[in-house]
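Make the full structure from the sequences, and use the hints.
Its first residue numbered 0, the sequence shown is counted upward by one per residue in numbering that gives the first Met the number 0.
Source of the hints: derived by calculation from the structure; they are not laboratory data. Keep in mind the model is a prediction, meaning the values are calculated, not measured. Please note: incorrect hints may appear among the correct ones.
So the derived label-pair ranges between C-beta atoms look like this [said to hold, decoys possible]:
hint	residue 1	residue 2	range
1	90	193	23 to 29 Å
2	77	171	53 to 59 Å
3	54	173	58 to 64 Å
4	146	38	50 to 56 Å
5	64	88	24 to 30 Å
6	190	7	56 to 62 Å
7	19	210	48 to 54 Å
8	89	56	16 to 22 Å
9	223	75	35 to 41 Å
For glycine and all other residues, C-beta sits at the position ideal for the given N, C-alpha and C.
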Amino acid sequence: MHELAERAGISGRTLRHYHRIGLLEPDRVGSNGYRYYGPDAVARLQRILLLRDTGMPLADIAAVLDAPETPTVEVEVLEAHLTQLAEDRAALDRRISAVEHTLQMRREGREPRVDVMLEGFNDRYEAEVVRRWGREAFDASNRWWHAKSVRQQRDWQASAQALLTRWAEIHEAGHTPGSPVARAHAANHVAWFADIPGTPTHAGDAERSAAMVRGMADLYETNPDFHQTFGSPEAAQFAAGALRIHVQHPA
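What follows is the structure in C-alpha coordinates.
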(Lines of atoms letter the chains of each structure in order from A and count residues from 1; the text may use other names and numbers.)
(Lines give C-alpha, C1' and ligand atoms only; values in the text may rest on other atoms or scores of the structure.)
Protein backbone atom coordinates (compact mmCIF):
# COMPACT_ATOMS: atom_id res chain seq x y z
CA MET A 1 0.00 0.00 0.00
CA HIS A 2 2.73 2.46 0.94
CA GLU A 3 4.52 1.90 -2.36
CA LEU A 4 1.35 2.51 -4.37
CA ALA A 5 0.52 5.60 -2.36
CA GLU A 6 4.00 6.98 -2.88
CA ARG A 7 3.97 6.30 -6.63
CA ALA A 8 0.50 7.86 -6.97
CA GLY A 9 1.45 10.93 -4.95
CA ILE A 10 -1.21 10.38 -2.31
CA SER A 11 -1.14 9.34 1.32
CA GLY A 12 -1.78 5.91 2.76
CA ARG A 13 -4.61 7.51 4.69
CA THR A 14 -6.26 8.47 1.39
CA LEU A 15 -5.99 4.88 0.12
CA ARG A 16 -7.54 3.61 3.34
CA HIS A 17 -10.35 6.14 2.96
CA TYR A 18 -11.02 5.01 -0.63
CA HIS A 19 -11.18 1.41 0.63
CA ARG A 20 -13.46 2.33 3.51
CA ILE A 21 -16.02 4.05 1.22
CA GLY A 22 -15.86 1.28 -1.37
CA LEU A 23 -14.21 3.38 -4.07
CA LEU A 24 -11.03 1.30 -4.38
CA GLU A 25 -10.88 -2.27 -3.14
CA PRO A 26 -7.48 -3.91 -2.61
CA ASP A 27 -6.93 -7.33 -4.15
CA ARG A 28 -6.37 -8.66 -0.66
CA VAL A 29 -5.59 -7.61 2.87
CA GLY A 30 -2.77 -9.46 4.59
CA SER A 31 -2.83 -10.82 8.09
CA ASN A 32 -0.65 -7.91 9.06
CA GLY A 33 -3.34 -5.48 7.82
CA TYR A 34 -1.40 -4.44 4.74
CA ARG A 35 -3.44 -3.84 1.60
CA TYR A 36 -2.19 -5.29 -1.68
CA TYR A 37 -3.25 -3.81 -5.03
CA GLY A 38 -2.98 -5.55 -8.40
CA PRO A 39 -2.86 -4.06 -11.94
CA ASP A 40 -6.66 -3.58 -12.20
CA ALA A 41 -6.80 -1.68 -8.91
CA VAL A 42 -3.85 0.47 -9.98
CA ALA A 43 -5.60 1.31 -13.27
CA ARG A 44 -8.77 2.18 -11.37
CA LEU A 45 -6.79 4.42 -9.01
CA GLN A 46 -5.34 6.27 -12.00
CA ARG A 47 -8.86 7.03 -13.27
CA ILE A 48 -9.98 8.04 -9.79
CA LEU A 49 -7.14 10.55 -9.54
CA LEU A 50 -7.80 11.94 -13.03
CA LEU A 51 -11.48 12.51 -12.24
CA ARG A 52 -10.66 13.86 -8.78
CA ASP A 53 -8.42 16.49 -10.38
CA THR A 54 -11.47 17.87 -12.20
CA GLY A 55 -13.05 18.59 -8.82
CA MET A 56 -15.65 15.84 -9.21
CA PRO A 57 -17.02 14.56 -5.87
CA LEU A 58 -15.96 11.04 -4.88
CA ALA A 59 -19.56 9.81 -4.93
CA ASP A 60 -19.87 10.86 -8.58
CA ILE A 61 -16.53 9.24 -9.40
CA ALA A 62 -17.78 5.98 -7.92
CA ALA A 63 -20.98 6.19 -10.00
CA VAL A 64 -18.94 6.76 -13.15
CA LEU A 65 -16.50 3.91 -12.56
CA ASP A 66 -19.14 1.42 -11.45
CA ALA A 67 -21.62 2.11 -14.27
CA PRO A 68 -22.13 -0.71 -16.82
CA GLU A 69 -21.33 1.66 -19.72
CA THR A 70 -18.58 3.62 -18.08
CA PRO A 71 -17.39 5.72 -21.08
CA THR A 72 -20.91 7.00 -21.86
CA VAL A 73 -21.73 7.71 -18.23
CA GLU A 74 -18.36 9.37 -17.71
CA VAL A 75 -19.00 11.78 -20.58
CA GLU A 76 -22.45 12.66 -19.23
CA VAL A 77 -21.18 13.20 -15.70
CA LEU A 78 -18.21 15.26 -16.91
CA GLU A 79 -20.52 17.44 -19.04
CA ALA A 80 -22.79 18.04 -16.06
CA HIS A 81 -19.77 18.76 -13.88
CA LEU A 82 -18.39 21.20 -16.46
CA THR A 83 -21.73 23.03 -16.54
CA GLN A 84 -21.68 23.31 -12.76
CA LEU A 85 -18.09 24.59 -12.78
CA ALA A 86 -19.03 27.23 -15.37
CA GLU A 87 -21.96 28.34 -13.21
CA ASP A 88 -19.70 28.47 -10.15
CA ARG A 89 -17.16 30.54 -12.10
CA ALA A 90 -19.87 32.97 -13.26
CA ALA A 91 -21.10 33.33 -9.69
CA LEU A 92 -17.54 33.95 -8.50
CA ASP A 93 -17.02 36.56 -11.24
CA ARG A 94 -20.16 38.37 -10.05
CA ARG A 95 -18.90 38.33 -6.46
CA ILE A 96 -15.52 39.69 -7.58
CA SER A 97 -17.30 42.50 -9.44
CA ALA A 98 -19.37 43.25 -6.34
CA VAL A 99 -16.21 43.51 -4.21
CA GLU A 100 -14.54 45.71 -6.84
CA HIS A 101 -17.52 48.07 -6.87
CA THR A 102 -17.66 48.16 -3.07
CA LEU A 103 -13.93 48.93 -2.97
CA GLN A 104 -14.37 51.71 -5.54
CA MET A 105 -17.19 53.28 -3.54
CA ARG A 106 -15.12 53.11 -0.35
CA ARG A 107 -12.20 54.79 -2.12
CA GLU A 108 -14.56 57.55 -3.21
CA GLY A 109 -15.74 57.96 0.37
CA ARG A 110 -19.18 56.56 -0.36
CA GLU A 111 -21.23 54.09 1.63
CA PRO A 112 -21.56 50.83 -0.35
CA ARG A 113 -25.09 49.57 -0.83
CA VAL A 114 -26.17 45.99 -1.49
CA ASP A 115 -28.54 46.92 -4.30
CA VAL A 116 -28.98 46.22 -7.98
CA MET A 117 -25.64 47.80 -8.85
CA LEU A 118 -23.74 45.24 -6.82
CA GLU A 119 -26.18 42.42 -7.25
CA GLY A 120 -26.41 42.59 -11.02
CA PHE A 121 -29.47 44.05 -12.68
CA ASN A 122 -31.06 40.67 -13.38
CA ASP A 123 -29.48 38.46 -10.68
CA ARG A 124 -32.73 38.17 -8.77
CA TYR A 125 -34.37 36.73 -11.90
CA GLU A 126 -31.48 34.37 -12.74
CA ALA A 127 -33.50 31.13 -12.56
CA GLU A 128 -36.26 32.57 -14.73
CA VAL A 129 -33.88 34.03 -17.32
CA VAL A 130 -31.91 30.79 -17.59
CA ARG A 131 -35.08 28.72 -17.85
CA ARG A 132 -36.54 30.88 -20.60
CA TRP A 133 -33.48 31.97 -22.59
CA GLY A 134 -30.51 29.94 -21.44
CA ARG A 135 -27.41 30.35 -19.30
CA GLU A 136 -25.48 32.12 -22.06
CA ALA A 137 -28.09 34.90 -22.21
CA PHE A 138 -27.89 35.47 -18.45
CA ASP A 139 -24.09 35.44 -18.35
CA ALA A 140 -23.74 37.78 -21.36
CA SER A 141 -26.03 40.37 -19.78
CA ASN A 142 -24.23 40.15 -16.44
CA ARG A 143 -20.79 40.55 -18.03
CA TRP A 144 -22.12 43.62 -19.83
CA TRP A 145 -23.56 45.01 -16.59
CA HIS A 146 -20.52 44.46 -14.42
CA ALA A 147 -18.22 45.94 -17.07
CA LYS A 148 -19.91 49.29 -16.44
CA SER A 149 -18.59 51.79 -13.95
CA VAL A 150 -20.75 52.71 -10.96
CA ARG A 151 -21.67 55.98 -12.69
CA GLN A 152 -22.65 54.16 -15.88
CA GLN A 153 -24.77 51.75 -13.87
CA ARG A 154 -26.55 54.65 -12.16
CA ASP A 155 -27.16 56.36 -15.51
CA TRP A 156 -28.56 53.15 -16.95
CA GLN A 157 -30.81 52.68 -13.94
CA ALA A 158 -32.12 56.22 -14.31
CA SER A 159 -32.95 55.72 -17.99
CA ALA A 160 -34.61 52.38 -17.24
CA GLN A 161 -36.73 53.93 -14.50
CA ALA A 162 -37.75 56.74 -16.85
CA LEU A 163 -38.83 54.15 -19.40
CA LEU A 164 -41.02 52.37 -16.85
CA THR A 165 -42.39 55.57 -15.31
CA ARG A 166 -43.52 56.63 -18.77
CA TRP A 167 -45.76 53.54 -18.89
CA ALA A 168 -47.53 54.71 -15.73
CA GLU A 169 -47.97 58.19 -17.24
CA ILE A 170 -49.47 56.81 -20.45
CA HIS A 171 -51.82 54.56 -18.48
CA GLU A 172 -52.92 57.35 -16.14
CA ALA A 173 -53.58 59.64 -19.12
CA GLY A 174 -56.32 57.23 -20.22
CA HIS A 175 -54.70 55.75 -23.31
CA THR A 176 -55.39 52.16 -24.33
CA PRO A 177 -52.63 49.54 -24.81
CA GLY A 178 -53.27 49.68 -28.58
CA SER A 179 -53.20 53.48 -28.85
CA PRO A 180 -50.53 55.17 -30.99
CA VAL A 181 -48.75 56.62 -27.95
CA ALA A 182 -48.66 53.23 -26.19
CA ARG A 183 -47.46 51.45 -29.32
CA ALA A 184 -44.73 54.04 -29.83
CA HIS A 185 -43.53 53.52 -26.28
CA ALA A 186 -43.68 49.73 -26.73
CA ALA A 187 -41.27 50.17 -29.65
CA ASN A 188 -38.98 52.21 -27.36
CA HIS A 189 -39.17 49.46 -24.76
CA VAL A 190 -38.20 46.76 -27.27
CA ALA A 191 -35.32 48.94 -28.50
CA TRP A 192 -34.21 49.17 -24.87
CA PHE A 193 -34.08 45.35 -24.73
CA ALA A 194 -31.89 45.41 -27.84
CA ASP A 195 -29.21 47.37 -25.94
CA ILE A 196 -28.71 44.44 -23.54
CA PRO A 197 -26.28 41.74 -24.75
CA GLY A 198 -27.58 38.21 -24.44
CA THR A 199 -31.12 39.10 -25.46
CA PRO A 200 -32.53 37.82 -28.77
CA THR A 201 -33.37 41.43 -29.62
CA HIS A 202 -29.72 42.36 -29.29
CA ALA A 203 -28.85 39.45 -31.60
CA GLY A 204 -31.51 40.50 -34.14
CA ASP A 205 -33.43 37.22 -33.86
CA ALA A 206 -36.98 38.35 -34.67
CA GLU A 207 -38.76 35.12 -33.75
CA ARG A 208 -36.99 34.64 -30.43
CA SER A 209 -37.27 38.38 -29.72
CA ALA A 210 -41.05 38.17 -29.98
CA ALA A 211 -41.05 35.17 -27.63
CA MET A 212 -38.82 37.04 -25.18
CA VAL A 213 -41.03 40.14 -25.19
CA ARG A 214 -44.11 38.01 -24.56
CA GLY A 215 -42.26 36.28 -21.72
CA MET A 216 -41.28 39.61 -20.19
CA ALA A 217 -44.88 40.79 -20.54
CA ASP A 218 -45.97 37.75 -18.54
CA LEU A 219 -43.44 38.62 -15.82
CA TYR A 220 -44.53 42.26 -15.75
CA GLU A 221 -48.11 41.14 -15.31
CA THR A 222 -47.61 38.47 -12.66
CA ASN A 223 -44.45 39.30 -10.69
CA PRO A 224 -45.07 41.65 -7.70
CA ASP A 225 -41.49 42.98 -7.98
CA PHE A 226 -42.36 44.44 -11.38
CA HIS A 227 -45.63 45.87 -10.09
CA GLN A 228 -43.56 47.91 -7.66
CA THR A 229 -41.05 48.89 -10.37
CA PHE A 230 -43.80 50.13 -12.68
CA GLY A 231 -45.51 51.99 -9.87
CA SER A 232 -48.63 49.83 -9.70
CA PRO A 233 -49.98 46.45 -10.87
CA GLU A 234 -52.24 48.31 -13.30
CA ALA A 235 -49.34 50.12 -14.97
CA ALA A 236 -47.39 46.85 -15.27
CA GLN A 237 -50.41 45.10 -16.80
CA PHE A 238 -50.95 48.01 -19.18
CA ALA A 239 -47.33 47.80 -20.36
CA ALA A 240 -47.64 44.03 -20.76
CA GLY A 241 -50.71 44.44 -22.95
CA ALA A 242 -49.06 47.07 -25.13
CA LEU A 243 -45.92 44.96 -25.58
CA ARG A 244 -48.00 41.95 -26.66
CA ILE A 245 -49.81 44.10 -29.22
CA HIS A 246 -46.47 45.41 -30.48
CA VAL A 247 -45.00 41.96 -31.16
CA GLN A 248 -48.24 40.71 -32.66
CA HIS A 249 -48.65 43.71 -34.95
CA PRO A 250 -45.26 45.47 -35.25
CA ALA A 251 -45.44 48.91 -36.78
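Here is what the structure says about each hint:
1. 90 <-> 193: 23 to 29 Å: holds, 27 Å
2. 77 <-> 171: 53 to 59 Å: For residue 77 and residue 171 the Cβ distance comes to about 56 Å; the hint holds.
3. 54 <-> 173: 58 to 64 Å: Holds, at about 59 Å.
4. 146 <-> 38: 50 to 56 Å: holds, 53 Å
5. 64 <-> 88: 24 to 30 Å: For residue 88 against residue 64, whose Cβ atoms are near 26 Å apart, the range 24 to 30 Å holds.
6. 190 <-> 7: 56 to 62 Å: Since residue 190 and residue 7 have Cβ atoms about 60 Å apart, the given range 56 to 62 Å holds.
7. 19 <-> 210: 48 to 54 Å: holds, 52 Å
8. 89 <-> 56: 16 to 22 Å: holds, 20 Å
9. 223 <-> 75: 35 to 41 Å: Given about 39 Å between the Cβ atoms, the range holds.
Against the hints set out earlier in the document, no violation occurs for any number.
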